[in-house]
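> Join these two chains into a complex; the hints should help.
Line by line, the protein sequences are chains L and H.
Quick note: the first sequence, position 114, residue 114 per my numbering, numbers continuous.
Quick note: the second sequence, position 160, residue 160 per my numbering, numbers continuous.
Think of the hints as simulated: they come from the structure by calculation, not from any bench.
Only true hints are included.
Straight-line C-alpha distance at most 30 Å; calculated DSS-like pairs for lysine-lysine:
1) L:Lys-182 x L:Lys-402
2) H:Lys-49 x L:Lys-419
3) L:Lys-182 x L:Lys-419
4) L:Lys-419 x L:Lys-272
5) L:Lys-419 x H:Lys-77
6) L:Lys-122 x L:Lys-272
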Amino acid sequence: MDAVTLRADIHQQIEQIGHADIVVGIPSFNSAHTIAHVVRAVQAGLAKYFPEHKAVIINSDGGSVDGTMDVVHQTSIGDFETILLHHRIEPVLKLAFPYTGIPGKGSAFRAVFEVAQALDAKACVVVDSDLRSITPEWIELLLKPVLNGGFDYVAPLYHRHKFDGTITNSIVYPLTRALYGKRVRQPIGGDFGFSGKLAQFYLTKDVWETDVARFGIDIWMTTTALANGFRVAQSFLGAKIHDAKDPGTDLGNMLYQVVSATFQLMEDYDAKWLTVSGSQPVPTFGFEYTVGLEHVNVNSARMIALFREGVQNLREIWLGILGAGDLREVERLAALDDASFRFPLALWTRIIYDYALAFHRGQLSAGHLLKSLLPLYVGKTASFVMEVTPLEVHEAEAEIEKLCLEFESGKDYLCSQWK
Amino acid sequence: MTDFLNLILEPLQEVFLKFQDFLPNLLAMLVILLLGILLAKLLRFILVKFLHAIEFDNWSDRMGFTALMRKGDLWVKPSAVIGGVVFWILVIVTLMAGLGALNVAAIDTLVAQFFNYLPRVFSAAIILAVGYLFTSFISRAVLIAVANGGYHYARLLAEAMRVLLMLMILAMVMEQLQIATGIVLAAFSILFGGIVIALAIAFGVGGIDTARRIVEQQFAEEEAPKPPDDIEHL
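Here chain H stands alone, though its shape is the one from the complex (with noise of 0.2 Å):
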């Protein structure tokens, strides 16, 4: 009867023993993921309160990226998701290291791999931002340049430029993240090469009466007596 209450209690006892080992690690993930969280919300109150004060939300309007937040159906404040983003990055990061008190090594090998890509997706959220600034900035100054030479079709040009150097900088975020990058790099050249085949159909094909349209109204325009001007604007 001993040998078989001892048969049942030795594992028992044996978990008792793991778990005992195993508490101070699994408070220690608690404590880590309580101070964390309390240390991310501080950091979240401090970040927005920071952005208010230099006028991000303002900033942002100009450069587009409220419009952009409101197209996509996001209706907070730009400082108030930056707030929400660097907030949930720190709550991320401290499960990460919450999960690496506990000393598993399934859980370690989990973690290390994460950290691991951390610095990828840091890099692809920068060159998202930048890029995006920059497509915004080359697209605008070819509108104007295009409106200003007083050719036609100069919003349509620029939109074109927008969506071109978009789906460059995309393409680089998605291989910067390493996700199906050949697949990514097949799309992008299809899609690309398909852009251009397109158009030269289109213009060399389904476009020939526009085309001829245009060209003829070009000449016409050319051949139109038109006076010069001598204004002098300074």
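Chain L with its partners taken away, still in its complex shape (with noise of 0.2 Å):
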């Protein structure tokens, strides 16, 4: 596939531009309606903290059919004094284009990386378009430490709802923490910041056509950053609220796209984690708050329900991937009362790495394998849901921090199974 620097619109547009320090990309697809205040918090952030600074912003679309584009190319902070602002020296200038490759956000953000390339850019971050607590701040906190701080790489650090982010505090934090020992709470938060340095490195990765270009993105932008000894920080931007998920997006597919990512990752970097051991925080900027969260509503039961019926239909499978004893456990399990329903921390890391060392080994295809993951991990899900529903935001965070040290702790016998 072309770089998108490439194609002879955008390639004048970045010759007229000539240099940029820093870059801004929001992905998008159909997000008319979200994207103008995304584009005027991200303006009036460039404005406010980096005046002095040359700035581009980037709307790398999926093929919008609402004008997301057009919007884009619309907005502007009419008034900066508003904002408190007085006058900007360096004006934000702003590209649009649609992206080419496999439609997903990882493709968006390699047109991202490449125009970031194209101008030599010192700093870059990529926010969601479809934001709608994003605040110019965010700017700030994921820009500062790369621009001023000596950091390659900025994770965002949300208060999220206790419920939410289940792949994360179940799977993909705990999985990332034991692996290569560094505490990124948010490995797929979705909203980074980067140098221009690790915006290259990631274009010498030949990873367009695979998972990375769809939802895995995310989890190997952190682990590529965390693998190849970059330095790494969080930013803590306070509460994550976007626009209502699109009803048609199939968890199965979401779980496949992010554990298959994650795995592969495994293969790609054994050398390094099966070295590691324990974990350390990494630095975290930012002013910790605490946030009012929308409600949640989950319906455990029928989690359980799910569950439930992939114990009866997929032992033979699970039979070749867990081993008998884990199978008798998640039987047990399944045969108890929704009120007593408790899926305990050990059991489930065994889980992981099982499925972890079945996908290592190509024991099933890895759409079969990481699908019939799906009902242990709605089990898990339900599980974490009754546990924590009394409990304090804290509290559930301490939930969470016991599994990550059951992950680091069970990562012996990864490693003694990784052949």
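Printed below as a string of structure tokens:
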């Protein structure tokens, strides 16, 4: 696939711009009703915190039919005084174009990296186009550690509802932390800051025809930064509230893409993570404060029913992956009544490690293997929801911490079985 | 007396002369057989070593071939089975080549027929192997998709899919081998049609009560208040 910067229209615009200090990427798809707020917040952030830097906003669009790119072009802050700003030295330029390649966030990011490389940007930020809670301070928090602190990668740190982000909380965060030894709390947060050097490094990797080009991009960016020795930090951004999710988004596919990208990275970087034990915190920026979050409805009975269906139907597949002992444990769980349904942390840890090993050995096709994880994941989520319902947010966080420690202490099993 | 002796000896002489002509062919056949069997043994040895090196037995375990063999009361390793199959194919080919060396018209015809049939056997074997893999893949995909959808009877549906696909593949194999093609086609059509009619009758007549229960249960479940899930998984 040709680089987006080679397209005549974009190439001409890049030549006109010449060079930029900062590139802000906004991937989008049919986000006309939300992207204006994001563009305004970015413009305000750049004007307020980086007035002397030349900045370019890039809207990398996936073929929207609702005029998303037109909204980007038309959006600007008319009166900077409303944000207590009296002048801006360097103008903020905008580029909006449809990206090429596999439809997905990863392909949109690739176009951003390419433009950043062409403009020789010092620092970049990517933010989602459906954010409702983004403020100008996000731009400062994601860029300053790169521009002034010498960091290469800044992951977001949000306050989220205790039920939200369950793939992150039960798989990606504990696994990434145990593997690479760094406590990046939101490795697939979606909004990141990174150096121009790291953007160029990303472009050297041949991953753009894989699941990385879809949902897998976030974990890929974080892991690539961690495993290749780039300096990583995280910034507290407050609440992450975005547009209502697309009801057509299939959980099975989402789980498959994120977990397959994570497992694939384990293959690529096994020489690095096999030697790591324990974990260290990463530098954290931003002023933490409590935020009010929207209520989240959960039907845990339906989740447990799905888990039981899985136990009834997928036991032969699970037997080959988990072994007889853990399968018996899973069957014992299925026999419990809803009220006493609790997924033991050690069992969940072994399940994830066994799936990683099965992926490594090519025990089943990746699609079948990871889609067979869904009922187990749903069961684990139901258990977590029931456990933390009576708890405060910080107590729920303590439960996640316990799971992380279980992943760290159980890593020897993974390492010993990995050949 | 001399005439009488000639009368006896001439046929014997003729037989001896024919045997004398035939002897080199027989020796050639024996040599071909001996060399062929030695070569087949050598190839089996190399093949089994190679299969061990590429961990074919582990792969067979994962693909379900080993389980299939165990169901058929075959308890040796899959690599040994492949080695054995290749060995016996080579022995049969060697035997046919050896028989060809005898230069007997009737045997030559038989050998020619055998070699003409051989490509069909190979293509049938390939259809069977690929079909088995394809069937396993599809039925597993159905099983996982239906179970993840939270529907009952996922295993039943997956097994039904497996049986139907295997039936279709076996019919293709039989047709390839030209074994009673008319009967196979008719049997296949009757069986498939029979299954469809049986299902129609089962659900349409025999299963009225069951169907009513399922529908009622479904509606009852739909009517029951179900709080939506708003969890953001990512």
